[in-house]
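The chain contents come next:
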Amino acid sequence: MGLDIRWPVGAMFLLVGAALAAYGWLGDQQIYARSLGINVNLIWGAVLAAFGLLMIALAWHRRPDASGISNSQDIQHDNEANPSGHSSRV
Amino acid sequence: MSLRPIDWIVMLIYVGFVVAIGVILKRYMKTSTDFFLSGRALPAWVCGLAFLSANLGAVEVIGMGASGAKYGISTSHFYWIGAIPAMVFVGVFMMPFYYGSRARSVPEYLRLRFDEKTRTLNAVSFAVMTIFSSGISMYAMARLIQVLHLFDAPLAWLGISPARGFDISIIVSALIVLIYVFFGGLSGAIYNEVLQFFMIVAGFLPLVWLGLRSVGGWNGLKARLPADMTHAWMGMTNSHANPMGVEWFGLAMGLGFVLSFGYWCTDFLVIQRAMAAQSMSAARRTPLIAAVPKMLFPMLVILPGLIAVGLPTASLRGVTIPKGATSAEIQAAMARAVPTEADLHSRGLIPPKIDVSTGRAQRDSNGNVVLDYDLAIPNMLLHYFPAGLLGLGLTALLASFMSGMAGNVTAFNTVWTYDIYQAHIHPGARDAHYLKIGRITTVAGIVLSVLAAYMATRFNNIMDMLQLIFAFVNAPLFATFLLGMFWKRTTGHGAFYGLLSGTIAAALHHGLTLPVGEAVGVKGGWLGAQLHQYPSDMAQNFWTAIFAWTTCFIATILISLMTQPRPEKELNGLVYSLTPKPNEGHLAWYARPAALGIGVLVLVAILNFIFK
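Heads up: the protein sequence lines correspond to chains U and D, in order. For the first sequence, the working numbering assigns the number 1 to the initial residue and increments by one for each residue that follows. For the second sequence, the working numbering assigns the number 1 to the initial residue and increments by one for each residue that follows.
These aren't lab readings, by the way, just hints derived from the structure by calculation. Predicted model only: the values in this text are computed from it and were never measured. Any given hint might turn out to be false.
SDA-like, lysine to any residue: derived pairs with alpha carbons at most 25 Å apart [what the hints assert, rightly or not]:
no. : chain 1 : residue 1 : chain 2 : residue 2
1   : D       : Lys612    : D       : Phe553
2   : D       : Lys26     : U       : Leu3
3   : D       : Lys26     : U       : Gly27
4   : D       : Lys26     : U       : Asn39
5   : D       : Lys30     : U       : Leu15
Short, incomplete list of chain D residues facing chain U, as computed with Cβ under 7 Å [unchecked claim]:
no. : residue
6   : Met11
7   : Val15
8   : Phe17
9   : Val19
10  : Val23
11  : Tyr384
Take a look, some chain U residues computed to stay more than 10 Å from chain D by CB distance [claimed, not checked]:
no. : residue
12  : Phe13
13  : Gly24
14  : Leu48
15  : Ile56
16  : Pro64
We put the beta carbon where it would ideally sit given N, CA and C, even for glycine.
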């Protein structure tokens with residue numbers, strides 16, 4: 001399909017992660033008694049945002065004009081490849 | 001319980017992306033193949049994660065947590081035995097026929113291999129089951145939202161009575177799924193399933209980490225719970241010695257073989273995700289890729305159930321302690337407090353089910369309190385997660401509910417359009433017509449799911465009924481596919497009547513047996529006589545499946561031998577002995593499906609050993 005799934009997945013986790021981390025940093029600090037005193041919003045939010053960035057980086061690196069080589073070894077070699085002949089974005 | 005703005009923000013970001021993905025993908029939906037099969041253009045990892053997530057609906061996530069709380073780590077068998085071997089088998093051995101035959105659905109494979117009547121039998125039963133599954137997902141989500149009072153605050157703010165929360169949840173979830181499937185087709189569903197996979201990990205990993213940390217790790221948890229709850233294979237030689245009431249043969253054959261292969265190898269909901277792959281080797285690797293996170297998921301969804309039951313029961317919730325009270329005043333307040341039913345009968349975080357008419361805990365026919373194990377995961381989320389992360393955890397739950405709906409709707413609209421509408425109602429039209437029908441069917445499917453959801457409110461054992469129908473229909477089906485794909489002598493008559501016999505055998509077995517402690521009715525024994533009593537519903541379920549499969553297997557063979565097979569040249573690519581082996585020469589040894597399959601099986605054996 002023409003839309004590389006890593007873009008929306010990455011963007012969503014970047015946004016959610018950033019929102020959680022910001023809340024963890026600037027928001028009410030009293031609420032962390034239940035999470036064993038750990039500021040889980042800040043830590044996990046940062047992890048998710050990093051994951052989002054990783055996904056976006058992978059999508060950007062794999063965009064079609066980045067390199068001329070098809071990303072999927074299946075498409076080049078497989079006998080039962082997509083009959084229309086074009087490779088899809090990975 | 002009230003959510004803070006940050007929780008709503010997280011939820012709305014997620015919903016926004018879900019809808020946007022569907023709308024963006026609309027431009028790629030040009031043919032019916034695009035709409036129903038994603039143009040067969042998706043990479044293996046995307047299909048693999050979707051294959052896993054399509055199966056990971058609400059009932060799975062909540063149900064596995066509930067099972068973990070009730071039975072302990074042996075619930076993992078549902079994954080380790082109940083899924084992994086079947087997933088390996090379908091990828092390595094069956095996918096060449098599903099993908100190679102260019103069938104556009106599982107019933108269509110049956111049409112190619114056997115005949116129209118076998119296809120129609122499968123298509124109709126499958127279509128009915130998907131609608132009910134989708135409706136039940138919707139129902140379970142709306143019930144959970146209602147029980148947790150999640151939408152009370154925003155509804156009140158909008159001037160709507162919180163009593164309408166159930167209806168609003170149904171309508172909103174239906175609309176969201178409708179939008180992204182109507183516009184994005186199977187791709188919309190698959191992309192959102194991948195998103196859902198990551199959401200579940202994001203929402204549940206911190207829960208497991210916090211939970212384990214607070215009880216002292218796995219060893220701390222083992223110390224708090226009875227030994228048979230933390231050892232997956234303990235007491236398996238005798239059905240009375242383990243909490244599930246099943247002995248190893250029943251478990252291995254019933255669950256491991258019949259039910260699990262019956263589902264993973266024949267259910268179009270998951271097979272469709274592999275059929276959307278961009279090549280044969282991608283299709284074969286799809287279930288294998290899915291198997292790796294699948295075997296690790298017990299950690300995410302079953303462990304929280306165990307932790308929920310291992311935590312000390314918080315008692316005397318009904319006590320109000322005034323600020324600044326002295327210890328004497330606190331003692332007096334606690335002495336005065338009347339313990340609630342929840343205080344008296346809870347187990348860890350699991351409350352008892354309350355009988356609405358008496359206000360007291362419900363009891364089963366043995367007089368034991370019935371606990372509401374389904375609340376294991378939601379209560380764990382509420383127990384450990386502060387605002388922010390709570391929004392994330394709840395969104396992960398809602399994500400799994402919605403993908404359960406969407407997966408069923410996409411399977412339904414494909415089977416309806418190709419196997420029922422195109423086959424019987426209006427064959428030979430242009431492709432654009434079927435694309436249009438697909439969209440209309442999506443709307444119809446959602447409406448029917450809503451109706452099924454409301455039916456579930458009337459009949460509170462509808463989930464049990466669905467489980468039953470699944471067992472009746474799926475268990476014999478695997479025998480049909482096994483014989484169809486690996487024995488060229490199987491005929492259409494054999495397949496059709498074999499399937500029917502298997503289903504009847506399942507019904508007979510269920511009607512003549514009853515699990516201990518259950519009333520006659522949807523649990524069994526409805527044919528009047530009770531020839532056998534099983535120690536648990538699960539045991540009865542497994543043995544029903546074994547009877548169904550065996551009957552179908554034998555009947556199919558016998559009837560096939562008595563009827564005329566099709567000429568061999570018509571069966572090329574549809575049967576093992578008449579299909580050339582897939583060309584894997586260009587793949588590195590570790591990328592070949594057989595090698596991956598062996599790797600997966602070794603990993604799951606190791607896990608079984610660690611948690612034995």
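Each hint tested on the structure:
{"no.": "1", "hint": "D/Lys612 <-> D/Phe553", "result": "33 Å, violated"}
{"no.": "2", "hint": "D/Lys26 <-> U/Leu3", "result": "11 Å, holds"}
{"no.": "3", "hint": "D/Lys26 <-> U/Gly27", "result": "39 Å, violated"}
{"no.": "4", "hint": "D/Lys26 <-> U/Asn39", "result": "41 Å, violated"}
{"no.": "5", "hint": "D/Lys30 <-> U/Leu15", "result": "31 Å, violated"}
{"no.": "6", "hint": "Met11", "result": "10 Å, violated"}
{"no.": "7", "hint": "Val15", "result": "10 Å, violated"}
{"no.": "8", "hint": "Phe17", "result": "4 Å, holds"}
{"no.": "9", "hint": "Val19", "result": "11 Å, violated"}
{"no.": "10", "hint": "Val23", "result": "11 Å, violated"}
{"no.": "11", "hint": "Tyr384", "result": "6 Å, holds"}
{"no.": "12", "hint": "Phe13", "result": "7 Å, violated"}
{"no.": "13", "hint": "Gly24", "result": "7 Å, violated"}
{"no.": "14", "hint": "Leu48", "result": "6 Å, violated"}
{"no.": "15", "hint": "Ile56", "result": "13 Å, holds"}
{"no.": "16", "hint": "Pro64", "result": "14 Å, holds"}
The structure fails to meet hints 1, 3, 4, 5, 6, 7, 9, 10, 12, 13, 14 from the earlier list, while all remaining hints are met.
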